[in-house]
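These protein sequence lines map, in sequence, to chains A and B. Be aware that the first sequence starts at 10, since it is given in this note's numbering, and climbs by one per residue. Be aware that the second sequence starts at 1150, since it is given in this note's numbering, and climbs by one per residue.
By construction, these hints were calculated from the structure, which means they are not laboratory data. Mixed in with the good hints there might be a few duds.
[Said to hold, decoys possible] If you anchor each label on the Cβ, the simulated ranges turn out as follows:
no. : chain 1 : residue 1 : chain 2 : residue 2 : range
1   : A       : Leu84     : B       : Pro1407   : 24 to 30 Å
2   : A       : Ile298    : B       : Ala1328   : 53 to 59 Å
3   : A       : Thr209    : B       : Leu1211   : 40 to 46 Å
[Unchecked claim] Selected chain A positions facing chain B (Cβ under 7 Å, derived; list incomplete):
no. : residue
4   : Pro60
5   : Gly129
6   : Val308
These numbers come from a predicted model, not from an experiment. Backbone N, C-alpha and C define an ideal beta-carbon position, used for all residues, glycine too.
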Amino acid sequence: MKKAGWILFSVALAGLPGVAGEYYINLASQIFIAAIFAASLNLLVGYGGLPSLGHASWLGLAAYISAWMSLKLGLGHWVTAPAALLGTTLVACAFGWISLRATGLGFLMITLALSQVLWGTAYRWVSVTDGDNGLRGLTRPAPFGISLDSAPSFYYFALAVTVVAIFLMAMFVASPFGASLRGARDQSRRMSALGHDVWTIRWITFVYSGFWAAVSGLLFVYYNKYIHPASLSITSSAEALLGVIAGGSGTLAGPIVGSAIIMLLKNYVSAYVERWNMLMGFVFVLIVIFVPEGVVPGVRRLLLRLKSWKSG
Amino acid sequence: MQYWIIQTLNSFALGGLLFLLAAGFSLIFGLMRIANLTHGSLYMLGAYVGVTVLKFVPNLWLAALIGGLVIAVFGGLIERFILRALAGNALGQVLVTLGISFMVADFCLVVWGGDPIPVPTPAALQQPLRIGGVVFPTYRLVVLAIAVVTAIVLYVLMERTRIGAMIRAGVDDMQMARAVGIPVSKLFTAVFCLGAALAGAGGIIGGPIMSAYPGLDADMLPLALIVVILGGIGSLLGAFVGSFLIGAIYTFGTALLPDLAYVILFLPMIVVIAFRPRGLFGRRTV
């Protein structure tokens, strides 16, 4: 039953560009990008118990580095992509070292403050970032000579990256290291007493999470061919966090479902009403009050209840 | 010479405004363990409410008073009806305050539009002060004075009154405070309203310097966060010192290296977090 569902899901994903129009193919690509982004944040929030409100730093930084290098230095994608990932990961090493001086709300405030620093810099350092105009005129890469300029080709590219990313993040969580991460979340003192270095476990997770967010940032800038400081803003971080919480933090599927819901909501609603921020704020409040555990655990609980009700 | 005096006064004025914002944020966090991310929005909303009040009563101080009261009521409603329902769910509270801050920002955009609205300096304070050939912008001195007076009043309130003693007890050990019969629940609301009122009034008082514009909330909130991280959570003295430190670093940073002013804000934060994670005057690590 479960296997059949997976096969059906895979076939649907693979066949989507054959049946759907360009608008929907692009929407799906955007959902993939948001899903990687939210899943990487979930490593921290869900599995590490470390609520970061500065995750947009990694998406934005990777996008900016790649955009800046190709525009101002004229370098090709084979150089800019690894450089963007490496640069972002190094900054994540530093930011993690600073932010993990605290946990809980202190961690949240420090990550928020640090990401706001990057956001403000992107706005003001006009000679590098072009400020409020953003960096435009970018191209998509052509891996192995295959152009990604059409919607279906980009879709498959994003799909492939997403599958690899989600798989590697799932491996990370399922590994013994992932178990120690959850241990550090639930019982940090006991984990220390057992000889685990809780701080290092968290720091490695922070960096790993930043790396995958950087991957989503590259996809983001390839998709849009444009990057603006808004991608570094608190709104961008908050959308990802909302996706994680709405879907269900600490579950693999949760952030994917959550970010898909938000992306759909954003695309459909902003077509009809101008006030996306107002609505997002409202959705925030509703979700926290009515579905605090998220959609995925909620549905799972509902199914369990249904099952036990059926079996009497 | 003149340039540096002006910059120094600018940094004092910004520090004073930051203190009005950060003192409440710090007390709310210290007492209630709520990272109130609406705080920047309360500041901005205060500025906009002040703009509207000024249309009817052309007196900045009255506008600050009315705006402060309006924002205090608004803050009290948030605390009583939303945050209270989420007691114990720290992340939930943060997300809700974040959600509200988005709603407030959009609300302000709808009501007051996207263009910055200048707030006129009170007529009596428009003339610069001349002392020995050096010109001082008067209004900035007044803002500094307001912040210092507010700091003194808050200090007396916190250190010399019964209510202040109860708040300090709540900050230090909430469970014991409850156990000895301190009405912590009422204090929560009172402190939240006080913090909101300070932020709202700060928004209007800062109006002649910063004006009211969309994004004011996102500009002020991180500064307040950095002040509180620097100064230490729940510490009034920390908020005071931190505010003027950040005010100075930000002002001179902007004057000397306009591109990288935000990066310079980093430095004191890194030093403090590295060597003293609880902040300069905090009693507890965050």
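Outcome of the hint check:
| no. | hint | result |
| --- | --- | --- |
| 1 | A/Leu84 / B/Pro1407: 24 to 30 Å | holds (28 Å) |
| 2 | A/Ile298 / B/Ala1328: 53 to 59 Å | violated (30 Å) |
| 3 | A/Thr209 / B/Leu1211: 40 to 46 Å | violated (57 Å) |
| 4 | Pro60 | holds (5 Å) |
| 5 | Gly129 | holds (4 Å) |
| 6 | Val308 | violated (20 Å) |
Violated hints, in rising order: 2, 3 and 6; the structure is consistent with all others.
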